[in-house]
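K.L.:
Next come the chains, spelled out residue by residue.
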Amino acid sequence: MLEQIDFAAIRLTLELATTSTLILLVVGTPMAWWLARTRSRWKGVVGALVALPLVLPPTVIGFYLLLTLGPHGTIGQFTQWLGIGLLPFTFAGLVVGSVFYSLPFVVQPLQNAFAACGDRPLEVAATLRAGPWDRFFTVALPLARPGFITASILGFAHTVGEFGVVLMLGGNIPEQTRVVSVAIYDHVEALEYAEAHVLAGGMLVFSFLVLLALYSRNSRPWT
Amino acid sequence: MSTPPPIIPDADGVIAQFLVRWPGFALEVDLRRPGRGVTAFLGPSGSGKTTLLRCIAGLEPQGRGYLVFKGEVWQDSGRGLCLPTHRRPLGYVFQEASLFPHLSVRRNLDYGRRRAARSQPGPHPVALEQVIALLGIGHLLDRMPDRLSGGERQRVAIARALATSPRLLLMDEPLAALDQARKAEILPYLERLHDELAIPVLYVSHSPDEVARLADHILVFADGRIRAAGPARDILARLDLPLARDKEASSFLDGQVLAYDPAYELLHIQVPGARLWVPGAHRPPGARARVRIQARDVSIAIGVPGASSILNVLPARILEMGASEGPRLLVKLGLAPPGTDAAAFILARITRQSRDRLDLTLGQQVHAQVKAVALME
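Sequence lines, in order, name chains S and G. With the numbering used here as the guide, the letters of the first sequence map in order to residues 5 to 227. With the numbering used here as the guide, the letters of the second sequence map in order to residues 110 to 486.
In case anyone wonders, no lab produced these hints; they're calculated from the structure. Note that the structure is a prediction, hence the values are computed from the model and not measured. Among these hints, one or two may not hold up.
[Said to hold, decoys possible] Quick list of in silico lysine to any residue cross-link-like pairs, SDA-like style, CA-CA up to 25 Å:
{"#": "1", "chain 1": "S", "residue 1": "Lys-47", "chain 2": "G", "residue 2": "Leu-168"}
{"#": "2", "chain 1": "S", "residue 1": "Lys-47", "chain 2": "G", "residue 2": "Pro-170"}
{"#": "3", "chain 1": "S", "residue 1": "Lys-47", "chain 2": "G", "residue 2": "Arg-216"}
[What the hints assert, rightly or not] Partial list, computed: chain G residues near chain S (C-beta under 7 Å):
{"#": "4", "residue": "His-211"}
{"#": "5", "residue": "Arg-215"}
{"#": "6", "residue": "Tyr-369"}
{"#": "7", "residue": "Gly-412"}
By construction, the Cβ of each residue, glycine as well, lies at the ideal position given by its N, Cα and C atoms.
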């Protein structure tokens, strides 16, 4: 029933979600650490910027990314100067979009996890001769482990579920930017309800299982 | 931080001058202590004890001051010098045990020990085996912290601090979070620490009892300043300090067992200026014994009192009478037979009426009737 093109969409979705989650963990950890510990007056501004994708329509994010990454945008000109061409309508472009789109879903659980361990374990580590980096890797990271699990699951699942940003920024190129959510849209447009059912039902089951895992592990998914 | 801290040749011990200002709180202290013995910071909460300890550890970034330990400058804010906490060779025991929950007891102990060994190469004066034996935690090494009782956790935390071979040990109310039974469990370990390891200790507490058992020297804090300083026994017997107003105001005497009476289960103990009968289990003659006498258990008699159930009636001289607290007041008595100098003091809490009825005056020779003497373990 599903064609080659649908399996390609599933594979592409999983690759996109995995790549984006890994990048988000690397980028989000220092942001979350800073947000959890800073007393800077910029904390509110940065926190609000990180949370923006929670409330903005994905088309807004997609629209601005399209402009910035496009041939006349600052980043677009920069990537052209670097010789890697333009990012819109490529897999790399989708990754950039997903990272913005899913940022709060990774940063907020990490920030809460860092805040929850408090200063005391780090002070203890300092009195036991551990320097700042040492304290971060041997105390803060292990204690924030539940936050990392939550952040990874939410970041991955949320990227799997994205549609608007993909459509604006990636279009619908099979094996490059055609992810499952777009494939479902195409099937429905073509009145291929059977195929749409298989993909949509699969997404439903997948999302439910992810959230079930999250909620049974911890009654408060944000910590 | 590649240049070693400058050495001041003839400095020994701890010199700490700190100034901390927060809204509604100011700490201003100038402290000098020798590099040995247990110094207690005593005072009510909010009086600055913990803040000073944190300043000495380098944990208060706002703390401006000057700190020299055994000739090494750890902090000199005027010259912009401040050794970060992890470069100060100290051990810190927090009020709550704060073990790393993701590490076993053994790995908690190793955490500081390994890092300290790397930063101060050479032989370590405190061996891990010694610390484990001292605190009796040998059977706990493979447990995770959440499988330990509160008392065990605090013992491991103390061991963890000691395992770094600290040159200065800071303890912030290490017993405050524990109930009476757990306190009784840990106190003997702290006493052994005092007796067996030659590490200077700064010990924050608000319990005169604890301090009486552990401290050689006491600093009394109030409102961010040091109000009084001196040898433990003298400070605990001062009537002008808030300690004396404590309901449990007590005196502590160090003595030696003279004999044990198995029939009545009483120890005969020689303290400076007096001999006491104290209920207790057998101890060999010559053993050291510290006793505590609560001020409310001491009454004053003029002349030699007649037959009484009270075991300990001691010749004493009135040295000082405190200000009245409601109907009562504290009297400081020197234990001394007539014609000798007082060698030790005890406190008596009596009513103002009794003072006036007996017409008590300074220097008067009286008898102290001691209703109860507690032997401290």
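K.L.:
At a threshold of 7 Å, is the proposed contact between Gly-412 of chain G and chain S supported by beta-carbon distances?
P.N.:
violated, 59 Å
K.L.:
Is Lys-47 of chain S within 25 Å of Leu-168 of chain G, Cα to Cα?
P.N.:
Judged against 25 Å, a Cα distance of about 23 Å means the pair holds.
K.L.:
Under 7 Å is the threshold here; is the Cβ of Arg-215 of chain G close enough to any Cβ of chain S for the hint to stand?
P.N.:
violated, 14 Å
K.L.:
Within a Cα-Cα threshold of 25 Å, do Lys-47 of chain S and Arg-216 of chain G meet the stated pairing?
P.N.:
At roughly 36 Å apart (the allowed maximum being 25 Å), Arg-216 of chain G and Lys-47 of chain S break the hint.
K.L.:
Any CB of chain S closer than 7 Å to the CB of Tyr-369 of chain G?
P.N.:
Cβ of Tyr-369 of chain G sits 45 Å from chain S, so the hint is violated.
K.L.:
Is Lys-47 of chain S close enough to Pro-170 of chain G, meaning Cα to Cα at most 25 Å?
P.N.:
holds, 20 Å
K.L.:
Close enough to count: is the Cβ of His-211 of chain G nearer than 7 Å to one in chain S?
P.N.:
holds, 5 Å
Of the numbered hints stated above, those contradicted by the structure are hints 3, 5, 6 and 7, listed in ascending order.
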